[in-house]
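> Residues per chain, in single letters:
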Amino acid sequence: MIKVDETAAVPIYLQIVQGFKREILRGVFGPDHRLPSIRELAVELKVNPNTVAKAYQEMEAQGMIYFKRGQGAFVAPGTEEERMKEAKSEIARLFGEILTIARSMNLSDAQLQSLLADLLRREGRAAAASKEA
Amino acid sequence: MKTLIMKELREHGLHVALFLLAGLGSILLLGLFKQLDHEIVLTLLFLFEAPLFTILLGHHLIQSEVKQGTFPSLAALPVNRWHLWIGKLMAALGICVLVYGVFYGLAIMAGAPACQIDLGLGERAFWIVPWLQTRGLPVFTPGLLLFWIPLVLLTASFWGSMQPAGVPAFEAIIGVVVIWLLWSQRILAAMHLPLALGILTIAFLISSWFTFRRAELLTDPWRVGRALLSLIVCLALGGGAWAILDQVADKRLLAGRMDGRIQVMDDGRGVLYTMRTPAEWFDPLQGLGILTGDINDPDQFDHFRCLSQEQGRTIPRQIGRRGLTDPLLSPDGQTMAAVALTRAPGIRTAPRLVLADRRTGAIHSTIDHQARPLAFLGTRDRLLYLRYTHQTGDGGIATELCVHETGKSPRSIYTAIDERPFNLQALYLPCLNRLLIQPPDRDSLWFLSPENGELASSPFRGWNWIRKVWQDERLALILPESEEAWWAVEPGREPRALTEVATTTRFLGRDAKGRLLCVLEVPAPEPHGLPEEVLGIFDPATHRCQPLPENAALRLNGLICGLSRSGRYLMTCPASQSTGEGRVIELETRKEAKVTLPREVVTNIYSVARDGFLVFTERQAWRHDPETAETVQIASFPEPMSFWTIESSLATF
Amino acid sequence: METITFSGLSKSYGRVPVLRQVSATIGAGQVVGLFGRNGVGKTTLMRILYGMIAPDAGSAALLGLDPQTNPVEVRQRVALVSEECHLYPWMDATTLEAFLAPLYPKWDGALFRQHLAGLEVPADRRVDALSRGTKRKLMLALALASQPEVLLLDEPLGGLDAVVREQIVTTLIQSLTDRGVTIFLSTHEIEQFAKVCDRVIILSHGSFLVDRETADLTAQVRRITATLEHPVEAVPAHPKILSARVHGTQVEFILDGYTPELVTAILANYKVREHAVTGLTLPEIFITFTSKDTGR
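Chains as they are written, first to last, in full-length UniProt numbering: chain A, 1 to 133; chain B, 1 to 653; chain C, 1 to 296.
Worth double-checking, as some hints may not be accurate.
[Claimed, not checked] Straight-line Cα separation of at most 25 Å, DSS-like style, residue types lysine-lysine; simulated pairs: (1) C:Lys271 to A:Lys46; (2) A:Lys88 to A:Lys46; (3) B:Lys67 to C:Lys106; (4) B:Lys2 to C:Lys106; (5) A:Lys46 to A:Lys85; (6) C:Lys106 to C:Lys135.
Don't read these hints as lab results, they were simulated from the structure.
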């Protein structure tokens, strides 16, 4: 679920937005899924309801959600390509962060690529193992 | 605000209940061990337990908040400081009323008399009395015990409860000192306690409000200074108001009763006397009945002033301050001895004998305490006075005759001790330089020397005093109350009865030739007629009275007579008739003049100056001078004056 | 109308100045945290705002009312919860309600009991038999029962265990959404309220060092760590550098007002091998600001 870290350098409302974005991309919140009310979320996360409200506003501005009068906030239905595009740009961003770290540790491109291949292989074997079990 | 009061009640309810139980318990304990004397019950309940409770309650009101640490929560309530303060005060008052009410009920059950709870002014109903009074302590009236004292204690401890913890001990010490001062007889015999306590209460209330209002959270150490300062200011204002009130009251001349003797002054141009008025609510009252010995004596609730009425003034003039009483003019007429009852505004001291200026009443000096003047012995330098002293130990009262001489310390020449004071009478005989007194324990009159107190017996027997006297430096003629005979007392000779002189004889005085004139009764010329009264003279050699031949035609029947000091003029007025006319006869020339007087019965004729007369009618005094033929009113009195009042005042006792 | 306004407030205890002409304006619905070290004067400010103490200078207005001249109305609409429990030890919650309810026009008994239940406070146990946390919860319930428009909280979570803290924070957030109260709280434990406050004020040596939205503060105060080619002695002073540390070739400084251009500008003075920008937690921000302020 959504988690916020007050010690992170990112403002809390943005963390909320990012958290929702991740969940929506993963498909946890489908289109027209009803989001928790500002109150519920504020209580659950122990954050200022204003902050939650701000996050919701930002999400609406970005087109992630829409409000229905008297009923709350809902996930906006987006096209498959939009989601894919979002997913890709998110992954790209994450890759960028990994790259920065790798560079600071003086890893070469070849080392990076072999690391990635290794990981994919291990993941595939694990998936196959769990399918058999 | 009701919640505040309810909260206080709930908070202190348990303590109150415990205290009431303790009160009841103490009474029951007493009942077990002793006879339940209601006075002891009253003392226990109202002199110890209830005041203690009141002090603790007042103190606890604020200190409990401070100790529990709850004052900030009170300060944070949506209630302004005024309501907080009043709420506490109301609650405390309510609790006090409850406790005192229950104690009162307990006292009544224990046998105390139900009393009218006057707020201190009905001091006639004393409550706790005898065994305290014998120990020199004051008597407590219901008003004091049930109202004023608790009020002062409550407000004082309320005030003290706002100070840091150490201060109440300091207050207690001051309180004890103040109480000691108040009860100490010499310094302050009695103030008007209800008024004084009322001022104290208000001062404490105002000061505690002032402190509470500014005190934020009662943590500021400067609040002590602020509290003390505001208290002092309030007391000063209260005291100042009282002093002003006292001044105002002083200037008011109320109608009252004349009391005591009348003095003639200024050659008959004025009279001096004491007037007695009921005390007003702001007058200082005497709380102790030492002077009269009777605590139920209404004397203590009246006020005394020294008044003079003089020629040319329509209204009486107050001499000196209120409380100056019992004036006695000195022979030169410039000073007077009097009893002074107030020293400072509103404070009544133990009565003291003073010498004061006759015109202004300004006090020169104090001669003694608890004393009153009787007579000047010949000169203004010797004063005979009566003094009362409370005997310690067995608690009797000593009545003493004392003599004060200028330049010497007073000496006591006669003492009588009993449980009550006496009203000793003394007659000074200048011809012998002796006093004639009636010792209370003896049934005769005795001669007393003013020099050394030597007593010598006199021929006058019986419990009676003296009815008439005429005397000068050489001779004293005395008619005792028993009216057996006139007696002559002369220096160097034994007193002897004048058996030849009728007791109806009235001595007038010495005429221009030095002969002692008198009014004689002579038998009527007709066998069945009434005796006639004529002018006669007294022959010291033969001890007889003889009619004066040259004045044989002068009928003095039914007339009051007076002889001028020069002996030249005789004034007569009809007795018991209000003709408004008098006659003055020049004895040498036999010339007569009429004198117009008010249409009232003449009671006395008093000689003044050289040739003048001061005529007292029932309500007035008029002065007539035969030389100038001037007749002028000197005084008018609110009540009819009896012959005896004037006579006893003016007689040269 | 601003909910809480004060300007030029000063207060000294004896010769020690505790507040030196502090001013701030708080609008409706805001949650403002006043942070400061122990004993710095936070309670004093709260008490001045509540009219319990008079300031030496300056003025304050709560809901447009002056607490010094109109304390009754202020206290009926503003609730103060102190850190110390000043409640009467012999009372219990029911007695307290009977005592306090008549004083507040908007007292809601049902709401009070609801909060008592929600905060797990027994209604019939004496105050002196309650634990510290329960006392605090009771005080909060009492405060909320009067339906205040403003809550002043002085160290609301001081000395409480984690369970009670969470209960209190939850209740506060519920009040925020349900009733729209404005909250002005003071504390020395900054991380407790980092998520709840949308504005941070830091009080140090009598003045407000910082008065900013939380989001802005976290965004603008950043730590820059850089590894240099050559070791340096010190970092030259710059108005936006709050603190700096040098260790051989490692340089670390904390910036207030972070922009990438600013970093570039500062680092331009050196030959930098690499650098990293990280954020600081609120406690770290707090320490940075207060250690810089020596009271001059």
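> State the violated hints by number, sorted upward, taking the hints as numbered earlier in the document.
1, 2, 3, 5
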